[in-house]
Structure formats: structure tokens, C-alpha cells
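Asker: What follows is each chain in one-letter form.
Protein chains: 2
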Amino acid sequence: MNSNKLVYIGSIVSIAIVLFIGGLLIGRFAIPRSSNTIDTYNLSIVNQRTEEERKIIWNNLKQQFLNLVNAQEIEKNLYNFTRHTHLAGTDDDRNEAESIATKWREYGLDVTIHPYDVLLSYPNPIQPNIISIRDQNNNSIFQSNGNELMFNEDDKSLPFNNIVRPFLAYTPNGTVQSRKLFYINYCTTDDFQFIETIIDKNDLNGSIIICRFGKIFRGNKIGNAEKYGIIGVILYSDPIDFARNSTRSNSTYPNSIYMPDMGQQRGSALILSGDPLTKHYPAKDYMYRVPIDNNPWLPKIVAQQIGYKEAREILIRMTGISVLSNWTGGLDQVNYVYGGLLLDDLSIQISSYNTLQIRRIHHVIGTITGHIEPDRYVLIGAHFDAWNFGAIDDGSGIAVNHELVRVFRTLVRSNWKPRRSLMFCAWTAEEYGIVGSMEFVEEYAKILGSRVVSYLNMDVAVTGSELMIMEMSPLLYDFAIKISKQVKAPYVNETIYEQWIRINNGNHNVGEKFFTMGLSAISDFAGFNQIVGSSNIAMTYLNKSDLKNAGAYPLYHTQYETFRLVKKFVDPEFQAHQAIARVIGLSALTLTDIDLLPYNPARYHQALVSLLNLTKSIAPKSINFTSLQNAIDQFKIVADQFNQRIQTTLDKSNPIQLRIVNDQLMQLERAFQNPLGSSIEQADLKHTIYAPSRTNRYNARGFPSITDAIEDHNITNIQQQISIVTYFIHSAISVLHQPNKIQATS
Amino acid sequence: MNSNKLVYIGSIVSIAIVLFIGGLLIGRFAIPRSSNTIDTYNLSIVNQRTEEERKIIWNNLKQQFLNLVNAQEIEKNLYNFTRHTHLAGTDDDRNEAESIATKWREYGLDVTIHPYDVLLSYPNPIQPNIISIRDQNNNSIFQSNGNELMFNEDDKSLPFNNIVRPFLAYTPNGTVQSRKLFYINYCTTDDFQFIETIIDKNDLNGSIIICRFGKIFRGNKIGNAEKYGIIGVILYSDPIDFARNSTRSNSTYPNSIYMPDMGQQRGSALILSGDPLTKHYPAKDYMYRVPIDNNPWLPKIVAQQIGYKEAREILIRMTGISVLSNWTGGLDQVNYVYGGLLLDDLSIQISSYNTLQIRRIHHVIGTITGHIEPDRYVLIGAHFDAWNFGAIDDGSGIAVNHELVRVFRTLVRSNWKPRRSLMFCAWTAEEYGIVGSMEFVEEYAKILGSRVVSYLNMDVAVTGSELMIMEMSPLLYDFAIKISKQVKAPYVNETIYEQWIRINNGNHNVGEKFFTMGLSAISDFAGFNQIVGSSNIAMTYLNKSDLKNAGAYPLYHTQYETFRLVKKFVDPEFQAHQAIARVIGLSALTLTDIDLLPYNPARYHQALVSLLNLTKSIAPKSINFTSLQNAIDQFKIVADQFNQRIQTTLDKSNPIQLRIVNDQLMQLERAFQNPLGSSIEQADLKHTIYAPSRTNRYNARGFPSITDAIEDHNITNIQQQISIVTYFIHSAISVLHQPNKIQATS
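Residue numbers (the numbering used here), protein chains in the order written: chain A, 1 to 746; chain B, 1 to 746.
Don't read these hints as lab results, they were simulated from the structure.
Given the structure is predicted, the values throughout are model-derived calculations rather than measurements.
Each hint should be verified, as a subset may be incorrect.
A pair holds if it fits inside one copy or across any two, identical chains being indistinguishable in the list.
What the hints assert, rightly or not - Distance condition first, Cα-Cα at most 27 Å in a straight line; then the derived DSSO-like pairs of lysine-lysine: (1) K568 <-> K201; (2) K417 <-> K284; (3) K567 <-> K76; (4) K76 <-> K279; (5) K103 <-> K548; (6) K279 <-> K741; (7) K284 <-> K156; (8) K156 <-> K485; (9) K636 <-> K55; (10) K488 <-> K548; (11) K616 <-> K284; (12) K300 <-> K548; (13) K741 <-> K201; (14) K513 <-> K55; (15) K300 <-> K180; (16) K156 <-> K621; (17) K568 <-> K300; (18) K62 <-> K616; (19) K284 <-> K636; (20) K482 <-> K544.
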């Protein structure tokens, strides 16, 4: 509390300083002469006469911002957020949207609310989904509970009556039963290809399978199963991934961050981003909706998760040969086998009661309008829907988002006038498969496509405090490094950059280790990467041990994502949250106010080179990559020339010259977009350099259309896709050329 | 000659005046104060301090331009151009590209040359394509000549040895023969539907048909025939359309503009714009080419044209009932019948020797770089390929283009510094199906998409001198009217606007009569409309009688398109050419130099309303148009608000504010573009308001995807397409909203 006060007093002082220096400089230099100069935007850094004066203002502004970011405020935000459950399309969801809108209006943002009517999926409120084992007379000898357990430590004041039962969104209802049960590891494409070498693939037809959460997106697991005629899928969180140390109660929640034996990960099984009834278009009243039957994006087979205690009851009743070690899980006294018929003529049954419903959702957008380029948008986003209390997913992002609104509004009140518009986005229906933000992106595709500079995403912003990792467009690589050098790491006396160096044993090539180039379809940046074409960034503070995770943090999407969990185990002083707020905020401050966008095209060349090498390594030897190679080489030359021109000939004081160069930088990422998408089926995946993998939507795949063709062993299509990617790299080259004429190509 | 000199002296005087006044104003007002203003662009109208001073400069500049445009120069250009034949992909073609590049470099343009390797089609140089009538013993009792005839009046110095024989580009080679011959009028969809009511459609299977040129694109005629299992198509120019007055030799070429009895229209049968082997992508060395076999865009059946003298020989040997009057042609002593078996067991044979070849073509682009916004492009284009001498198609456009280069370079030398970049385009391979310019548009789609303001097309710019007609985006409606009031009509003492009023009997609603909203795929604007998304315009000076034409002017695509034809019959003093040059040039001058783009969004509302009414009138009664109607109503409100804001709050002296509004105006047309195109087969037709009709590429069809669905009687798809068009109108609305935030929709 005290320290909080101190920070606050400090910040007021520095506001004063900024104002004083600002006033000083305006008085000294900006006696307006005629309205056709832009001197009227007092504090905007572009209008200061000399480099030094600009630096003074700018550094004060940054320091000012960093000082204002307050850990206790974030903690307060998270506490308030986690008082409720947040399932999209419910009253909880609508109430949260309203309270966010109210809060942001109080802060002084220009708030708009954006409703969509999207197809969502819900479990039956009375009848839980049940998995049972049945004897020859079809009597149940074991049946799953269908719920997670509450613990004494859980805060009784929370609305546990609202808890969303474990279910897999969009999987159909119905009851399936089989005497055949197989264990298929993580149900990846590789796992299925491998089991075909062990058993006759036709045996899978009509069977039920069990596999563990992790490695890939759960929807792809079920999608893979469909191809084999499997009738039901059981998913569970194996201790080896989710209760790493021990399954004993004192080693799991509520006594640690690890999964208790009845813990269950909820989640969507939709293999699409956005409403499956209005693909490519916004879910508005005027829009035609395709029929639900035979909708290609909805899972076709029954699927349900269970706790690992229950999984054990099933696994011990399986037959077949023992699995190889890399398929072995961590359950005590379980002999993991590939499966076949169940023991003693037993059969296994899944009964699901899920329903599909079109429900209204509401996004909240709060804007601080830019003073020089109001039509250039920098967006910060987090989603407020959650499977239950969502303390981590995405309370962390929402809590930080609120704090950033508070801080930026404080700057505005201290007379900061940003160059560009800054927009705060609170999304919903993210958990269902980026359904919500994708509808927004689809509705405003044209203006976002021409106006968005960058989208900064905060989803699962904090699962630990030891290390920050980032996903981004290669254009932002240098920018991310620069920001990391200006923000203190949590709980240690070093910057985030210094922390990276230390963890990387002094090796300065931190990007290779901690950055992922390109973004997947795992969160709300999906639409901005694939449809808008802006250059985007996302980040998470985590613990080193999390890097070994098969997927998410152990309690991901459980009802145990509570404020208590975060406060006790994840980030007690909210310093990691504060660090994320500073990184995102400082990035937004810079992208919003700096005259020349801090994108480095040369970094895209490096990304292209490594993608090319990777792709060559998996391609048949007969494939010819020469044209792609040449385009990438040419890209480097033109990118270097571009950077050279900015250094030498750009007159930053000429507003139009500046706008022209910034337009080129904004259009570079967009130049890689194929308006037709990577295929007729995947026409919504338009980025030809990075897109979510067909086999795992959690991963961004490089040269996706080429890689898919390689997987399909389609030599003609590989060569065709190489020529198409080559074309889009040439398009990016044409964007970087001097725009005063159209450069001819040989 | 004298008058020419006078004009020239006059123009030098006015240059002096411009310079004097310019200098005066600069001395008086523009004492530069710091480099972060844009005062350094002396003559650019945006920098003059007061409205009046700007007007003075601007009006002088316009007058200056109009005075410089010189009819004799255009005549000289046309004479030189028509010394050669100009078939795309030949030496003639390459030489013309080089001579244009040389000429433009001499004038001082920054010239680039853009090569592509495209699939073209050629007749056999030795063996003409022949149509013959054969008796029971298969002896030929009549056979076509395979050539047009030369006349004594034709200029013997021309390279007649280079004449391209009549053929239909891209139709396959081979010999087909049938005893069944049918006459199907113009071979429109309606004609085929009608003949199904007269004969059993199965009788058409295996038959050969004959039909007349006109009404629709010849490629659609052949495409329609393919659907009926017809094996060969004979096309001819019926006198009723092409030798309207009389077929006597003193009433036709060389004694008039009308078709002689052996005259034949050449042309392409490709139902696609661009190289059919690289659809969507540029025909560069790195690009994958689809196989020629089963290429869906190439015609599948043999087809050949003949003179109407030869057509008569065929028609008189047909059987069957007489046709209705609207199917009757103008051949003497011919009883037009629907056909069936030929007389006396005769059969008809078509032998074609066409070949497909990938050949290199070269476009020439000459640029005058803009001084304030070099990255904003205004393009003027004409094509220099022709079936032979191409005095009208497109010598008229090329001759005017050269003159405009001369005039604009003169302005530059008199120190004119345009705000935006002005690009002169000389295209080739237009005659083959917009093959050339489409490859250019595809290669540079990204930068053209973000930078092109307008494309101004000149193709068949002059076929007469009585009346100017225009095709355009609705945004340019008011602009076109304004320009027409400033340019003198040829051979009369009135402006083009006054001429319209007179011809329109005093009715001032001239647009309705003489403007076509939206552009088809008939010329090089196709790629700019459908892919680039700029707001474009095209125009032709013609005679009133041409308005009655079934298609083109009588000697269209014949070897009689000579300089003599133009000089003697079309535009003896080249005043119509001069008028076109002034209209195009004044439009380009304005679009290049004016600060605020002269587009009027409200005009698009009117266009949408009339399209809606038209579409409703042909749609089933059950169809619900409410959402589309509402979107169009909303568009009007927002368009009016936009115009209002420009009137009241726009600070034109703020360069960024100006750029922002101009960006909105540029993006308006682009907002109507569906990146996926109107269907999977027609993914290259992206404009959802206007696109070339499926049934006639000569026509721009309104709401094409809706209209197609109506033709297909697919109720579900009609409703779906209505919702998609509604979406793109909402996209246009979002572009016009104030850009300082994202306006929410209910």
C-alpha cells in the first residue's frame, strides 16, 4: 500500500516535469505560424524542432508511463474479475461486457460495443456427460463423475453453482458404445501413423479411443480420430504432463499449481477461427447462415474429458501389447497398452448431452483518438470470456488491460496527445475458437486492413515469473529486443533482456531461444494475422519448467483458475503482471506516438531464409527451390536499400514523406497475404509465410501451403505452391521499392 | 499547318504567363521558413495561400494544357503507328514497344519495360482456315477463301504480306464435318433458349452452327455452343449490322466505313482476362503454368469466321423453317431458316490450323513522378497491339497517348510539379483477351491496390465525331460532367456537355443517356476494376448511328482499319481525337494535381438504388431484399455526412488531414471488392457491384453474384449472395465513417 502511494506521488511529480519541459519547448519553438503546419499537436514528438528536444520529451514520456504502471491496481483488477464465471453467451458474459464498458467510460475512453450472434456450444445444466464401463449385461461397473471436485481451500464466496461442467465445445451429443478401446498417446497425426504400424487401421473403425491432452490442439485430436471411423474420443490430462512431481494430494492443487486427480481441462474442438455458420463474414442479422448439418468445421463424433483418476479405471481394463516408452504416461500401476477389445467382454460408453445454440456476444472497444493520424490504429487486446473464473486465462490479460487504460488515460490528462489512435479491445467467445474477435475482424476487414499498425495480444499473460516468451511478426524482432531492455524483470534486479541473457548462459542471440516468429490460431491475434495483415505481437511470463509443458500450464481451463491460485503460487506481488503491462504498454506507447514505425524489413529476410532451409529439409530431393531462393535473396537487397534510404534521405519533418514510408512498412506484412487463402478449404488463412498448421492450430507453420503439399506428397502442387509463395515475396519486394515509379522485373 | 503554329505560339505565351504569376505568388507568399512545410513544391496548387491565388494558377494550368493539345500531332502519331501491323508476340509487336519506349524517353519520361511470357494463339502462316461445303462423295462444291480482299484504294506501301488472316484466337485446330447445320442468330443465351423451343436440343449435338457477329462477346457465342455438343461454329458479319445501307461496293469499304462482302472481324474467344495458364498470377519465369489440356478457359470446339458473301453460299443451302423477323439478317435473296440437315445430302466442314504458343510480350510504362505524393498513381492507358494496322483499335488511343506525353512533358518543362505521379501505359496483348495488362495488374496487385487513384482508358477512342459516350465508376459521374463542360466538341461550336444537351433534346440528365456505370471486361480497365479496385473511366467519340450497332463499328478488327479510313471517313481533321485527348488529359491533370480527389460517394448511392430496382425486377417474388435495401439507405446517410464533413470541417491546408480523406475516397471502391471473387470459378471477378456478365463479357452486370444466382434459379444462393453484397456495402459504409474510431453497428 505504502509503496503504491509513493509510486503515485512520484508519477505526479514526473507529470509536472513533462508538462514543464513540454510547455518550455512549445513556448520556445512552436509559435504557430499558419494552420497548414501541424504545430498545434503540442506534445507529439514529431513537432519538436531538434532531435535532443524530441529525446527529452520522449524519454520523459516513457519514464512517466513506466512509473505509472501499478502492480496493486492489476491485483485489484484480477480480484474483481475472478469473482464471477465468464462463459461466453451467458448473463455473466453480458454483465462483464457492461462493467468493462462502464469502467472504461469512467476512465474517459470513447467506448463502442460490438454485438454478434454466433453459434456456441453448452453442456446440459442438469445432466452431466458421463463415461461408463459396462459388463456383458450392459450394467455399469464404473462411471465417471462428470464434474471437477471442490476443495476446502476454495473460496466459498465464489458462485460455484455457476461452474461450467467439463465438456468439449461443439462436439455432438449422443451415446456411443464399443467393446474396442485404443490408447493413441496424444492423438497427433504422427501417433495415428505410428499405431497403423502396430494394429490394423480397420480395427479402429467403430472403436472408442482414449488419449492425453497436450502437444497439439484438442480439436485436431478429435479431427484425426474422425478420419479412422472412430465413434468416440476420451481425453484426460496425464500426470506426466499435468502433475509432474507427484499425484499425491499435497503435491497438487490446492497445494500447488499441479492438476488434482479429478481435474479436467475444458475447451473447444472447433477446427476454425470464427463462427462456423458465417465463415468469412460477420455474424450479423443480415448475414446468411449455412445449415448446421454437415457443417465441415463442426466435430462429428462424441468426445468427453475425464480426470486422470477416472482415466486410470479405464486404462487398467484395456488389453493389447504394451506401448513404447514415449507413449507411456505417468499413472501409477498402469500398464499403458495400445488396446483392442476390453477385458472380460466389457464395453465402454460415452454419453454426451451438449447443445448448439446461437447466442449474442458483445465486444468492448475503447479508443483514444490520435491527433495527427487518427486513421492509424494500434490495438491492445485481451479476452474476458473464460471457462470459469479464468484467473489466468484470461484474467491476467484483462487485469493488465484495465491497468493500461488507467495509465494511458492519466497520460492523456497530463496533456499527452498521441500521434495515432490507440484502441483497447475486450473480446469474448475466444475460448470457443477465436469466434468473437474473428467476427469483429470480418466485419471491419476493409478498414482494419488499411489502418491497423499492430495488434498487441495478452492471453494467458502470466503463468509464472521467471522468463518472458514472445510470438511476433519478424518485423517486430528488433523492436521487442529494444523494449525488453527498458523493462525490469519481476522479483529480480535486472531487465527482461538481462534475464534472457542470464538464462541463455550469456548468449545474446535471445530471439532464437525465446521468440517464436509468426503467430498461430491459438488466440485473438488469429484474425489480425490472417485477415487484417497487420504486424502483431503476443507475450507471456512463465516459469522455465513451463517450457517443458506438453501444452499449457497444468491447471489450464480447470475450475481451479482462481485468484487464490495466482496470488499464492503464480505471481504473489503481481510483478510479472506489472512487467507484462510495461512491455505491452511501452510497445503501444511507441507504436502510437513515434513518427517512424520501428519495423525492420531485414529481419523478415532472416525469417524467410530459415523457413526456406526448414522447408528444403523436409521436401523431396526432386523439388526445385531456385526461384524462391532468388526471391528471398532479392528481398534482402531491397530491404537493405529501404533501410538505407530511411537513414539517409528520409525527411522526417515532412509529414507526407513520413506517411509514405510508414505506409510501406504497414503494407509489407500485407504483401504476403494471398486474398484467396492457402486453399479453397482454407480460404481464411491468407498469410503465405506463417499460418496455423493443418495438423495443429496451436502452431504457426512456415510456408504453410508448401508444407501441406509436401505432407500430401503432391510433387506438382509443391512446385505450384513454391511459385505462389515466390510471387508474394516479389509482391513484398515491390512494396519496399521506392514508390515514385513501378520497378520492372526481369 | 499554320493553325498548328499559331496554337503553339499561343501556348508558349501562356506558359510565360503561368510562370510569371507563379513566380509572383511564390515571391509574395512562399518565402520558405523550414523544411517541415511543403512550400518547396512551387506550382503545386495545394501550397498557394489563398483560394483565389490557387484558382488563378489552376485555371491557367488547365487553359495551358487545353491549348497545347494539338490535332496535327495526333494525326502524325496515327499515321506513323499505322505503317505496320501489330500482332502481339511478333517482331512487329516488340519493335513497337521499343519505339514507344524510345519516343517517351526522348520526351523525358522515366520509362520502364515489363515483359511477360503468355499463351497466345496464331493462324497458320501458309495454310488458311477453310470452310467448305461437300457433296455425297465428299467433293468440295464450295470453299471459303480464308482471307479478306485488298482494294486498289489500299495504300500499297503497307506491309500487306504481314496481314494476319482471319481467325478466332485460342480456338483449337482440327477438321470437323457435319450434315447438320443450324442458324442461331447471334448465339446469345437467349437465342439458344429460344431455338430449344423450335427444335429438339439433342439435334444440335454433333452439328455445326452458323451465327452472326454482334450483340455479345464472340467468346460467349462459342462457349454457349460447347454446352450443346456442337462441334463447330461459323461466324460472319451480317450486312444488317455491318453494311447497313447496302452491300453494293460503292456503299462499303473502300467507299465507306461499312463492311465489304469479304470483310471479316478477327478476335479472341478466350472467356477470361489474362493468361489462361497463370490465372491470378503474373506470367513470369518463376510462375507455375497449368497444363494446356482441359484448360477450362480455352475454347474446346473449332470455330472460324467468313465474309458475308461466303456466308450466303452456306445459308442458301440450309433447310428448316423460316426464322422470326428478329432473327432475319440482311443478305439479299436469302431465306433465313433455323436449319437441320443440309440440302441434297450435303455436309459442311471447317478446317482450322491455329496454333497455341507461349510468346514474350512487353508493356511500356512512362512516369512523371509526383512531388508531394509520389506513391499515388494516376494512370492513362491504351494498347498498341492490333489485329493488323489498328487505325481505330487502338491506334486512336495510342496516337492520343503519345500526344498527352508530349503535352504533359511540356508542362513539366514549364515547371509544373504534379502532386501525384502520372503514369502513361502502353499495353500489348489486349486483343487476345486483356491478356497483357492483366498480367501487369497481377504482378503489381499489392502496390497498385494501395496506390492507384484512377485508371483512364483509351481503346477505340474515336469511331466518329458526333457524340462522346463514357463508361465509369459512379464516383466519377460529377467529375465527368464537369470536365465535359470545359472541352470543345469536334467540328461544332459547343462544348461536349452542350452537345449532349442538344442531342438529348435539352434534357440535362445526360448521364442516364450517355454514361454507363461500371466497366466490363472489354478492355484494359478490366484488371483495374476487378483486381486493383481503383475508380476508373473510359470514353469513345462516335456517331449517333453507332449507338444502334449490334456490337462494334462496322470495320472492327478487319484489315481495313487503315489511316486512310480514319482520315477519309472517321475524323478528317482529328478534332474528335483532340477532344478525347483533352477530356482524358484534363481528367488526368485534375486527378494528378488537385488536393482533394473529385469523387462523389453520393453518386454511388444512386447507382446502388437503380441496381437494386433492376435486380428486384428479375428476382423471384419470394426473395427478401430488406437487408440490402437497408444497407443502401444507410450508405446514403453516411455518404452525405462524409460530403458534409468535407465541406465544413476538412482543413485542406493540413497535408495529413487531406491524405486521410483522399485515402477514404480511394478505399471506397475497394471496399466493394470481395477478395474471394464472385465464385470459386470466377475468383478473379472481385467487384461485387459491377463485373463482366457471365453471358457477355462486353457487358458490366450489376450485383453480378446475385444476378447469376437468379439466372440459376437457386433461391438459397440468391439469398446468400444478397447477404454477401449487403456485407460489402456495409464495408463501404465503414470506410466513409469518421476514421477516429470504429463505429459500432446494431
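Asker: Hint by hint, where does the structure go against what was stated? Just the numbers, ascending.
Answerer: The structure conflicts with hints 1, 2, 4, 5, 7, 8, 9, 12, 13, 14, 16, 17, 18, although it agrees with all the remaining ones.
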